[in-house]
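The task is simple: from the sequences and hints, build the whole structure.
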Amino acid sequence: MGSWGTLGPALMSLAGVALGAGGSLLGQYLVSRASTRQLEVQESAAHRAELKNAVLKFLSIASQVEKAALTPSDAGGTAVDTVHGQLVDDLWLAQAEIDLAARSEPLRGATYRYAFRLAEAARGEIADASALRGPQVQFMDAAYDDMWPGQRRAAGIPATSQ
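So in the working numbering, spot 161 of the sequence shown is number 1163, and the numbers just go up one at a time.
Hints are computed from structural coordinates only; laboratory data are not their basis. The structure presented is a predicted model; accordingly, all values stated were derived computationally and were not measured. Keep in mind that a hint or two might mislead.
Label pairs and their calculated CB-CB ranges [unchecked claim]:
| hint | residue 1 | residue 2 | range |
| --- | --- | --- | --- |
| 1 | Phe-1118 | Gly-1152 | 27 to 37 Å |
| 2 | Leu-1041 | Thr-1084 | 40 to 50 Å |
| 3 | Asp-1101 | Gly-1029 | 38 to 48 Å |
The beta-carbon is built from N, C-alpha and C at its ideal position, and this holds for glycine as well.
And the structure:
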């Protein structure tokens, strides 16, 4: 073997290469983690935007169905049935859009139950708007939970479960 005078600088150079490689690998790992997290945040934001649009469309149609079903009409029966039928068809299409966009089964189920109750109202089987409030609240809670999982809604908004 050689003396410490020749072996020392070689070992120090090797240690420097090892530290440099380790630092480089650690840096790449940290950048990869940050990129992965950023991608998750972007995907979550895109999901929220898509679901928000679907929910707003569904709520718009649900409001029309509720208004048409629970407001007495002076128009002829066939004309009203045609309008109600088209609104209910649009409602089920909006429900299917949420079904495709939702990440959670609770939202899919709550959307279906709310749409079903609205369809019953359109058929004249429900005459009181209060019968729609439970399914509507469950739908809104499930939509919020799907868009912001793990976060609680603001105080003052009732959360019911049935």
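Do the hints match the structure? See the list:
Checked against the given bound of 27 to 37 Å, the beta carbons of Phe-1118 and Gly-1152, roughly 28 Å apart, stay inside it. Look at Leu-1041 against Thr-1084: about 48 Å separates their beta carbons, and that is inside 40 to 50 Å. Hint check: Asp-1101 to Gly-1029, Cβ distance near 44 Å, so the stated range 38 to 48 Å holds.
Hint check: no violations occur; every hint is consistent with the structure.
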